[in-house]
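Colleague: Read off the chains here:
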Amino acid sequence: MPANLPTPDQLIDALAAQIAPQITPDCALVGIHTGGVWLMEALVQRLKLDIPQAVLSIAFYRDDFSRIGLHPETKPSHIPFDVEGRRILLLDDVLYTGRTIRAAMNLLFDYGRPASIRLGVLVDRGGRELPVCADYVGLNLDLDPDEHVSLEKSETEGLHFVMKRKP
Amino acid sequence: MKDSLQLTEDGRLRHLLTLEGLPARILTQILDTAASFITVSAQERDVKKVPLLRGKAIFNIFFENSTRTRTTFEIAAKRLSADVVNLNINASSQSKGETLLDTVANLSAMQADMFIVRHAAAGASHLIARHVAPHIHVINAGDGRCAHPTQGLLDMFTLRHYKGAFHNLRVAVVGDVLHSRVARSQIHALTTLGCPEVRVVAPKTLLPRDVENLGVHVFHKMNEGIKDVDAVLMLRLQNERMRGSRLPSAGEYYKHWGLTPDKLKLAKPDAIVMHPGPMNRGVEIDSAVADGVQSVILSQVTFGIAVRMAVMSLLAGAGATGAQA
Amino acid sequence: MKVHIRNGRVIDPASGLDAVQDVYVAASHIVGVGSAPADFHANQIIDASGLVVCPGLVDLAVRLREPGLEYKATLESEMHAAAVGGVTSLACPPDTDPPLDEPGLVEMLKFRAKHMPGPRVYPIGALTRQLKGERLTEMAELQEAGCMAFSQADAPLVDTQVLLRAMEYAKTFDLPIWLRPQDAHLAREGVAHDGVVAARLGFPPIPVPAETVAISTILLLVRETGARVHLARLSSRAGIEMVRRAKHDGLPITCDVGVHHIHLSEMDTAGFDANCHLVPPLRSLRDREAIRRGLADGTIDAVCSDHAPVDEDAKELPFQEAEAGATGVELLLPLTLKWAREAGLSLHQALGFISHRPADILGVDGGRLAVGRPADLCLFDPESAWIVSPSNLASLGKNSPYLGLEMQGRVMFTLIDGHLDFRRDPQRLRHA
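In the order they appear, the protein sequences are chains A, B and C.
Going by our numbering, the first residue of the first sequence is number 16, and it counts up by one from there.
Going by our numbering, the first residue of the second sequence is number 838, and it counts up by one from there.
Going by our numbering, the first residue of the third sequence is number 291, and it counts up by one from there.
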């Protein structure tokens, strides 16, 4: 495991710098619940963006439903704009297998046909199982399958990374 | 005993047969999940379905005809991308002498994943649940006078939607409680979810003996029973009960227990009016009330789809090996 | 055939005898208790040490399902099951197909039963033709054919005029009438006690007044006619109280309860177990208490199995659609023993309710263990535990509320008319 990760704030700065030039008025931000939503909120604040924002909950689109069932706490998706023809910037905290991104894209297409979807992530940890790659990446890591990184939020620490090794 | 039939060993819902005895956490989980499903039928969606139950075969087995209930389950299943097969058993195999369990065994052999069962006898869905293969889930869509759990849940969803919580509510269930599976499911759900005052309002001929044991307050007079309540849950009066030895006439029933604008004034000013449908206007409810501002009857129908989607998803997910409780 | 039963704990409920003694049987009678008659040379010796030796049980209601209902059970299977249960005399209700309403049917049944091993079979004749409650049967003829009493079984007798006439006619010949008190109108469509469980689960109810109104009618007509009436299968506290008062007033009535009603209540129907769908319905815990009190104070005269073997097709249905009844002839003894343990009764007190008391109601020489009495004996191990399961039941009816549960007390030998009609443990048997 890497000993010293950059803080989320540092990575958000890096990501904001990559994204800023690409933002146009027909863009919309879409955060995947919950880490992607935190990332979206932070970017909006940094860049003082005034473009539509959506929250996606992919519980009903997961491909592992028959394996693990419904997530115990499902949240509704909230997409307060017309997806049709929109340029969408999809945001998530960590990119791993690519399955979450596939589910999120399926969900978006059920709302309409976007003009484009680009993907921004705070961390790309490798280990892809689907042909998905991010357009904007804060940090590339090469983690073993039993290593996990996730974005967490608490009142005392704010946004921070948690590294775990799971058997 | 019933709980071990409805719940998996690790406490997840395997079948939904009755709300009686289900823990509040399960009821709340269903209501919370249903809230997420409301968006699936939202206007802004091009595709008003999610792929959750794609490839699953859901059989609506109705031993008792009810187009309305069957349709709501069918819509819910289709919004989850499941394949739905409707069977009206009255018209087919039962008349050929095939037993209930034979029918179920036959359908199981057709690779069913879920049975939605409506039957005229109490406990029919329990019987089926006891005999199906482990991967098959059973939802009770009404068994005799016993239970109609998804109706009870959608009523709870509606109540929570308009009133926020249950712990400060006074609710009156009005009408033919004796013959009503809906009333029994409502009462079990309300008491489980912590509603402090559940009333039943009906003539003695339409109340079960010992109904107080269900944790309700009994009223025979409408003006006393709905005084200061937050919600009036009307029940349907079956045609065959309107005259005979239980009630002399529909007219006398309406006069004493029909919900009119005047009687509704006795409830709290912001009280809501619910009805499981189909309504007998002018028998148990006045049109002015049914179509009035306090009526949330059409919301019940909308919410009913989301609640049934939630139940189907939770059941289908409970079979998953690595599922989280 | 001479049988020597050694070292058993001999209990005769009628006389109060309870001692470890030997019993000697010759031909079809008991010829010695305690000491052997002169020149007694046994052909068979049964080692009964550790066993209770008591009169063969007398069961007031065992459905043998013949004629006509052989898909549920057969005469052969149920006679054998009765012997396995230690029953040596049984009354069979007339609810066969066709019902026992003609002498020919009764004679045929008696004849067939006589030529099979197993208990003495005493048919109860139909009170009305086809049990329809309209026209009387030829009671005198039926009595000659072998009927001990007349009843409607579980069929209703709606018309009180017919009931009055039936009592008057039966009284003419001094024939006993056995009636299950249930008002057909009040019980209409009902399947369960009108109490908390029916309120919860919405079972169509049978209110207690269905029983008390019927008892009231019967008692008034008994006062009027002087007919000998036995009330079969009481179920409610209020009903038992009415019988208690009527007996106190000197009315010549007797009554019984089904053995399941001593133990089970409406609570047992809450799991929709169709095997708990009984007639009369299992009632409240208070009613069950009243049944136990009624037995203790002698208001209730006898306990019977109300044996009703039902085929699987008729039971594997939702509770209210399933055919009523439970198999029980093999559980009569263990359930009576269970009650005795729970109520703190002595063995001879408890066994009296399934031996000499029902024998007296039936009017037969049975249920007593004494010199000169018929050699109808039941030898059971009061400690032996066994699990009720389809394979452990000899009856073709596997419909027991006790499936999967443990019973204590098991019949080891049954002697009927001096013949060893059932033996579970050949190790204890020696041929001399």
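Treat the hints as calculated values from the structure; they're not laboratory data.
Take these hints with a grain of salt, some might be off.
[Stated by the list, open to error] Examples of chain C residues lying across from chain B (beta carbon under 7 Å, computed):
1) Gln433
2) Asp484
3) Gly485
4) Phe609
5) Ala614
[Claimed, not checked] Residues of chain B placed beyond 10 Å of chain C at every Cβ, according to the derived structure:
6) Leu937
7) Ala946
8) Arg982
9) Cys983
10) Asn1005
11) Asp1065
12) Gln1075
13) Ser1086
14) Gly1088
15) Leu1135
We put the CB at the ideal spot given by N, CA and C, even for glycine.
Colleague: For each hint, tell me whether it holds in the structure or not.
Modeller: These are the hints, each one checked on the structure:
| no. | hint | result |
| --- | --- | --- |
| 1 | Gln433 | 40 Å, violated |
| 2 | Asp484 | 5 Å, holds |
| 3 | Gly485 | 5 Å, holds |
| 4 | Phe609 | 5 Å, holds |
| 5 | Ala614 | 14 Å, violated |
| 6 | Leu937 | 6 Å, violated |
| 7 | Ala946 | 18 Å, holds |
| 8 | Arg982 | 3 Å, violated |
| 9 | Cys983 | 4 Å, violated |
| 10 | Asn1005 | 26 Å, holds |
| 11 | Asp1065 | 26 Å, holds |
| 12 | Gln1075 | 14 Å, holds |
| 13 | Ser1086 | 22 Å, holds |
| 14 | Gly1088 | 26 Å, holds |
| 15 | Leu1135 | 28 Å, holds |
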